[in-house]
Amino acid sequence: MRKIKIDKESIRLIVVLAVIALISSLLLAVINMFTQVDEAQKLRDAIGEAYSSPLTDRVFDLSNYENLEKTEVSDMFEAEDGAIIILSKSTNCYNASKGVQLLVIIKEDKIIDIISYAHSETPGLGTNALTDSYLNQYCVYSVYDFGYVEGRLTDTTPVGKSVPAYTGATKTSNGVKDAVTAAARAYIKLVKEA
Amino acid sequence: MKRNIRDTFEPLTSGVIKNNATFRLVLGTCPTLAVTTAALNGLYMGLATTFVLVCSNAIISLLRKIIPRKVRIPAYILVIATFSTIVEMVMRKFLPDLYEVMGLFIALIVVNCILLARAESFSSLNPLLPSVMDGLGIGLGFTMSLTLLGLVREFFGAGSFFGLTVGFMQNLKMTVFILPAGGFMVYGLMMVLYNLVVGELEKKIEAYKNRKYIALTNPLLAEQEEAEQARRRGLFGGNK
Chain A
1 MRKIKIDKES
11 IRLIVVLAVI
21 ALISSLLLAV
31 INMFTQVDEA
41 QKLRDAIGEA
51 YSSPLTDRVF
61 DLSNYENLEK
71 TEVSDMFEAE
81 DGAIIILSKS
91 TNCYNASKGV
101 QLLVIIKEDK
111 IIDIISYAHS
121 ETPGLGTNAL
131 TDSYLNQYCV
141 YSVYDFGYVE
151 GRLTDTTPVG
161 KSVPAYTGAT
171 KTSNGVKDAV
181 TAAARAYIKL
191 VKEA
Chain B
1001 MKRNIRDTFE
1011 PLTSGVIKNN
1021 ATFRLVLGTC
1031 PTLAVTTAAL
1041 NGLYMGLATT
1051 FVLVCSNAII
1061 SLLRKIIPRK
1071 VRIPAYILVI
1081 ATFSTIVEMV
1091 MRKFLPDLYE
1101 VMGLFIALIV
1111 VNCILLARAE
1121 SFSSLNPLLP
1131 SVMDGLGIGL
1141 GFTMSLTLLG
1151 LVREFFGAGS
1161 FFGLTVGFMQ
1171 NLKMTVFILP
1181 AGGFMVYGLM
1191 MVLYNLVVGE
1201 LEKKIEAYKN
1211 RKYIALTNPL
1221 LAEQEEAEQA
1231 RRRGLFGGNK
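As you go down the protein sequences, you meet chains A and B in turn. Here the first sequence is numbered in our numbering, starting from 1 and rising by one per residue. Here the second sequence is numbered in our numbering, starting from 1001 and rising by one per residue.
One or more of the hints may lead you astray.
Chain B regions said to be covered by chain A (calculated; three or more residues, Cβ under 8 Å) [what the hints assert, rightly or not]:
| hint | stretch |
| --- | --- |
| 1 | 1024-1031 |
| 2 | 1063-1069 |
| 3 | 1119-1133 |
| 4 | 1173-1182 |
I should point out that these hints are in silico values taken from the structure, not numbers from a laboratory. As the structure is a prediction and not an experimental result, all values here were calculated from the model. For every residue, glycine included, the Cβ atom is placed at its ideal position computed from N, Cα and C.
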């Protein structure tokens, strides 16, 4: 059997790199302790800012919920006044990895408010379709106004009405429409039909 | 001693103007074009890069005699990655809105060639203080360039100034300025302008230094040159 020779120089290279990596890891671990972000709390804070009524402890089971194509409903909360707040995401936008994440507030089957929660769209371009004035155009609709085929989005234009895409931000506008449709569907499936 | 102090602080000034990373060395072009859709984005990206640059330059300078030559690049990358991760963590916690906009580019600071270039060509060869000054100078120059680029692109592309809407620009704004094509266009034009202005200034400073040197070493020649210049001034003054 051939004997593997390891010279001193190789060991030195390995040790130096390992020590630097170790110190880096320790430093990052310490800083991570102080800068860790509690995503659940961050979401609850955002809802608190957007909607005045406090949240109840009701838990919605989303583990078996099947999302529509290119959308994801990740969180649902119930407020004390009966409103349902849904965090809905669509990847049908310019920055698909981050997607367009909206907080859709529904009360008595009507969309009463939509807030942009997170996105990475281009400022002054895609973000035009995420302003309050644009999103509020959906606030006249009922959850039953949105059209979709089970499992995938086909035509999500609200029945009999439509919100026009923002010129120059068509893709983001479509993402917004998909996210709102996904929230409306989740409301029907998990609140009305449950 | 006086010369040593000048040598120490020289990288600071040269990094901002003479060796400007964006307009002179043409380094870090990817984040330059990607994040400068708004002036504030450029400013924060520049400051984040400056922090990583100063810290990594300092550490690499301190470790320059310990890091073996054969593994210097992975070692530098490790140091740079550590500081860019720190910036990312801090920004995520304390500046979440900004993190949402440029989170990806903060992580990509690690592959910004300015950092590796300064580590390889300066901090690995120089003591701590000049290395820190070099990082600060290059970083501030980068910040200045990114903010300027962002300012121009935001003003003409989105009709705003540091996020504040400019009324008269609302009907004049041209979206192309905040698109990649506009980014290249503004970058190119600003590079031309910068090199014209700074090049001219550098020529004047050089000429002034030469005159001063001649005056010290050869007073007779200096007098003759002065007389010649006075004669020229007189000639051109007469034409006016």
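Here's how the hints hold up against the structure:
1. 1024-1031: Coverage by chain A is violated for the stretch 1024-1031 of chain B (0 residues, Cβ < 8 Å).
2. 1063-1069: With 4 residues close enough to chain A, the hint holds.
3. 1119-1133: This one is violated; 0 residues, fewer than the three required, reach chain A with a Cβ under 8 Å.
4. 1173-1182: holds (count 3)
The structure shown violates the earlier hints numbered 1 and 3.
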